[in-house]
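Chemist: Sequence:
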Amino acid sequence: AVFAGVSVLSCRGLDSVSLVDCEEARACQSGTSAGDGGADANVVVPPGCDLTKSPKDAPSCVDDGVGVFVSPTGSDGAAGTKSAPVKSVGKGVELAGSKGLPRVYVCEGTYDANVEIKSGVSVYGGLSCAWAYTGAKPKVAPPKGVALKVTKVTGAVVLEDLEVVGSADASVPGDSAIAVFVSESTSVTLRSSKIRAG
60 AVFAGVSVLS CRGLDSVSLV DCEEARACQS GTSAGDGGAD ANVVVPPGCD LTKSPKDAPS
120 CVDDGVGVFV SPTGSDGAAG TKSAPVKSVG KGVELAGSKG LPRVYVCEGT YDANVEIKSG
180 VSVYGGLSCA WAYTGAKPKV APPKGVALKV TKVTGAVVLE DLEVVGSADA SVPGDSAIAV
240 FVSESTSVTL RSSKIRAG
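All residue numbers for the sequence shown refer to this note's numbering, where the first residue is 60 and numbers rise by one.
To be clear, the hints were calculated from the coordinates, so they are not data collected in a lab. Only a predicted model underlies this, so the values are computations on that prediction, with no experimental measurement involved. It is possible that part of the hints are untrue.
Claimed, not checked - Simulated pairs of lysine to any residue, SDA-like, Cα-Cα distance not exceeding 25 Å:
| # | residue 1 | residue 2 |
| --- | --- | --- |
| 1 | Lys-177 | Gly-136 |
| 2 | Lys-253 | Ala-229 |
| 3 | Lys-198 | Ser-246 |
Whenever a hint applies, use it, and build me the whole structure from the sequences.
Modeler: Shown next, in the form of structure tokens:
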């Protein structure tokens, strides 16, 4: 049998999560999350930036000092700034983790590589590639495998304004299609996102 679904069932306090419930409530959450949990103590938060709010409600947080920037026209050898974004979401997450930054900002477009989050780094879409909030959801859709994993994260992770599509490997009979898989993590919030298994 082929399993096609979304695995966000390892959430503390949740026995199961359905996409209908998440869309109606506009959030799927495990644990509690007051904001982004990956910020290093040395991060300088710009004036007017409130890390407990979304980029649409705190646009001054969309800043090089707070996050790494990802664009389909970027380069994974770039610095990950607004003017020099990286190309893959996974590279943005890795760079934010190594720099102690709490956020990754992903502009509209399609990203075809799998993403794994292993530290308290949050990923926000809904942005144009001029870095203004538009609500446009970037699409994370690798050709096979789990599209987005959150593994062994002790800090808060927020995934917001994204479209995540998981696809089975057509060459492997019975392969599962999984969009999001959360494992051994204390606080993960999915908000205003479209999550589906292909």
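Chemist: Evaluate each hint against the coordinates.
Modeler: To see whether the hints hold, each was checked on the structure:
no.	hint	in the structure
1	Lys-177 x Gly-136	holds, 21 Å
2	Lys-253 x Ala-229	holds, 23 Å
3	Lys-198 x Ser-246	holds, 23 Å
When each numbered hint is compared with the structure, no violation occurs for any of them.
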